[in-house]
Amino acid sequence: MANVMELVNVSKRFGSGHTAVNALSDVNFEIQQGQFVSIIGPSGSGKSTFLTIAAGLQTPTSGKVLLNGTDLATQSEKQRLQYRFDHVGFILQSSNLIPYLTVSEQFKLIDRLAHQKFQEKEMRQLLDRLDLKNLDDAYPNALSGGERQRVAIAKALYHEPDIILADEPTASLDSTRSFDVVDRLVSEAHDLNKAIIMVTHDERLITKSDVVYQIDDGKMQKLENKETVESHN
Amino acid sequence: MYLGLKEMRYEKLRYSLLTGVMVLIALVVFILAGLAGGLSQGNRLAVDQWQAKYVYLNKDANKNIMASQLTTDATNDVKGKQVANIALDSTVVRKIGSNNKIDISALGTANNSFIMPKVTSGHKVQRDNQIIISQNLKDQGIKIGDKVRLGSNDTKLTVVGSYGKSTYSIAPTMYMNLATLAKIKAAGTPVTKPLGINAIITKDSQLSGNKHNLQRLPINDFIQNLPGYSAEQTTLNTMIYFLFAMSLAIIGIFMYVLTLQKQSLFGVLKVEGIGTRHILASVVTQAAVMSVISVAIGLLITIGIGAIAPTGMPFALNYPQLGIYAISLILASILGSLLSWRTIAKINPVTAIK
Chain B
1 MANVMELVNV SKRFGSGHTA VNALSDVNFE IQQGQFVSII GPSGSGKSTF LTIAAGLQTP
61 TSGKVLLNGT DLATQSEKQR LQYRFDHVGF ILQSSNLIPY LTVSEQFKLI DRLAHQKFQE
121 KEMRQLLDRL DLKNLDDAYP NALSGGERQR VAIAKALYHE PDIILADEPT ASLDSTRSFD
181 VVDRLVSEAH DLNKAIIMVT HDERLITKSD VVYQIDDGKM QKLENKETVE SHN
Chain X
1 MYLGLKEMRY EKLRYSLLTG VMVLIALVVF ILAGLAGGLS QGNRLAVDQW QAKYVYLNKD
61 ANKNIMASQL TTDATNDVKG KQVANIALDS TVVRKIGSNN KIDISALGTA NNSFIMPKVT
121 SGHKVQRDNQ IIISQNLKDQ GIKIGDKVRL GSNDTKLTVV GSYGKSTYSI APTMYMNLAT
181 LAKIKAAGTP VTKPLGINAI ITKDSQLSGN KHNLQRLPIN DFIQNLPGYS AEQTTLNTMI
241 YFLFAMSLAI IGIFMYVLTL QKQSLFGVLK VEGIGTRHIL ASVVTQAAVM SVISVAIGLL
301 ITIGIGAIAP TGMPFALNYP QLGIYAISLI LASILGSLLS WRTIAKINPV TAIK
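Note that the protein sequences, when read in sequence, are chains B and X. Number 227 in the working numbering belongs to position 227 of the first sequence; there are no gaps in the numbering. Number 104 in the working numbering belongs to position 104 of the second sequence; there are no gaps in the numbering.
Do not rely on the hints blindly, as some may be mistaken.
Stated by the list, open to error - With a Cα cut of at most 27 Å, we get these calculated DSSO-like pairs of lysine-lysine:
| # | chain 1 | residue 1 | chain 2 | residue 2 |
| --- | --- | --- | --- | --- |
| 1 | B | K78 | X | K354 |
| 2 | X | K124 | X | K147 |
| 3 | B | K121 | X | K6 |
| 4 | B | K78 | X | K124 |
Claimed, not checked - Computed from the model, here is a short list of chain X residues facing chain B with C-beta under 7 Å:
| # | residue |
| --- | --- |
| 5 | K6 |
| 6 | Y10 |
| 7 | L13 |
| 8 | P190 |
| 9 | V271 |
| 10 | E272 |
| 11 | R277 |
| 12 | P349 |
| 13 | V350 |
| 14 | I353 |
Unchecked claim - Pair by pair, the computed Cβ-Cβ distance ranges are:
| # | chain 1 | residue 1 | chain 2 | residue 2 | range |
| --- | --- | --- | --- | --- | --- |
| 15 | B | R112 | X | K354 | 22 to 32 Å |
| 16 | X | I305 | B | D128 | 54 to 64 Å |
| 17 | X | I305 | B | D86 | 47 to 57 Å |
| 18 | X | I308 | B | D86 | 41 to 51 Å |
| 19 | B | H201 | X | V257 | 30 to 40 Å |
| 20 | B | D86 | X | R14 | 31 to 41 Å |
| 21 | X | L5 | B | Q116 | 13 to 23 Å |
| 22 | X | L5 | B | S16 | 42 to 52 Å |
| 23 | X | R14 | B | T176 | 29 to 39 Å |
| 24 | X | K354 | B | H18 | 17 to 27 Å |
Bear in mind the hints are in silico, worked out from the structure with no lab data behind them. Beta carbons are placed, not taken as given, at the ideal position from N, Cα and C, and that holds for glycine.
Could you put together the complete structure from these sequences and hints?
Encoded structure:
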């Protein structure tokens, strides 16, 4: 199967001369449709940098970032903004919901900006799948942390993105809710045939992943066997 | 748009308070405009009613009609149609048998001159010691048929007619013939011929000869030089212009502070592909909505004030001008909100992931 996203020999260097920092060195990565891929590493390892480059928020110093064959590294900031809007779903640490929009308005906003009619049926299906019933008119601050992240998942899946990027999606949740959120992400990837990348520092969450990459000091390696994470530490 | 409106709905208190401040600013702008209009009208209404084009004054009067002394034979220097001599005096009218004194502007001109107002009741001035009065004086209790005295002069004058509202130098007007006014001004001393006048008012005319040291002023130049007129108007208009700058600053600062507060949210929006353009549009929408609402409320209150303002208060609403001020206030607010543009543009979405 073809790769949805592929990073080829990607490096990102901040600063210059002897103060230069290599946040990513020669990273290779790939993900296919229907795959749930985890990226694990301690803080400062370069996983945030990886995510910002995969999202097209910044361009690599060298290498290619291919999304369905298009190289993001060569695109303008405006093109990358549009690319994120059209093709990428995001789930961020402490929920990326807009505090002054109700649950259903979070979805309506996306349709407004895309100049299209509100896809109520699509929203309803996603919210039902994620057990978010009767919450259409609730504001984010009335939801529990787990509900907020599930709404964020539904919002990320809305409009059928090519890829979903999750940045420590369980950071603000207790362990029971964390497992629930990750389980749901895994099943969305498998059931809806989506490519989902999750970045985390929590090793307990990666057991259900299809592929796990470990990142340390900007160097990334694919772990052949998930158990090796345990032995590595 | 959507984002901006939904935020206002969610943060009602915050945005209503700012709208309240904007209502006050709009109100001050409109009331000042009303006062400027009222004062302007109080000074010039009679002049506007003449529908004249040129005014001739004594060259030495420095364009000030009260300082201009001419005699009726100066008219010989002015060639044209509809030429009228005018004399005027600021004095006080008192009904005989009453102690109630009213400040007035007394204007004297020939019985048949084009600047003599058309009477709406009673009849026109036909001989000496007859006067016609403006509606404003009627409103203050003087009736057709009343005998009145002007200032400390003993001459009894008879009110024979009245015409519409008319003011000059912030006082209601009355008209009489030149001889009557000369008698009032001379206050007992014998009146000489030719009579003294202050100015010659004309429609189309030219100077010829100019043996009487005349200066021709276009009517607008004359109005600008009415005593106190441009000083009053400049003061009030300057205040109004400063209020435009204030509304720009208030909206600008408020929106800027809110933008700083929402930087992390805007960062998240940019991550999701919602760019500067959309974020700025929501901020501008909010400024536009707040200013339109506050200008509308301010206008309604001002119209209410205009309706209940006491007759003595110079207050006149000029709707086209209020419209221009309303639009200026809205534009100033929108301009103010655009000051946040750089801050929004500089928000780096990378900071939202970390």
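- Message: Given X/P190 as an interface hint, is its Cβ closer than 7 Å to any Cβ of chain B?
- Response: violated, 85 Å
- Against chain B, with CB atoms and a cut of 7 Å, does the hint on X/E272 hold up? The hint holds - X/E272 has a Cβ within 7 Å of chain B, the shortest such distance being about 6 Å.
- Task: Take the C-beta atom of X/I305 and the C-beta atom of B/D86, compute their distance, and say whether it sits inside 47 to 57 Å.
- Result: Cβ of X/I305 to Cβ of B/D86: about 54 Å, so the range 47 to 57 Å holds.
- Given the hint of 29 to 39 Å, check if X/R14 and B/T176 actually sit that far apart at their C-beta atoms. holds, 37 Å
- Status of the X/V271 interface restraint (C-beta, 7 Å, chain B): Holds, about 6 Å.
- May I ask you to test the interface hint for X/R277 with respect to chain B, counting a Cβ-Cβ separation under 7 Å as satisfied? Check failed: Cβ of X/R277 comes no nearer than 10 Å to chain B, outside 7 Å.
- Interface hint outcome for X/P349 [beta carbon to chain B under 7 Å]: holds, 5 Å
- Task: Check the following: the C-beta atoms of X/L5 and B/S16 are separated by a distance inside 42 to 52 Å.
- Result: At 46 Å between Cβs, range holds.
- Message: Holds or violated: the 13 to 23 Å window for the beta-carbon distance between X/L5 and B/Q116?
- Response: Given a distance of about 19 Å, which is inside 13 to 23 Å, the answer is holds.
- Query: Is the gap between the beta carbons of X/K354 and B/H18 within 17 to 27 Å?
  - Reply: The hint (17 to 27 Å, Cβ to Cβ) holds, given that X/K354 and B/H18 are roughly 25 Å apart.
- Is B/K78 within 27 Å of X/K124, Cα to Cα? With Cα atoms ~79 Å apart, B/K78 and X/K124 exceed 27 Å; violated.
- Verify the interface restraint on X/I353: the C-beta must sit less than 7 Å from at least one C-beta of chain B. holds, 5 Å
Hint compliance for this structure: hints 4, 7, 8, 11, 18 are not met, and every other hint is.
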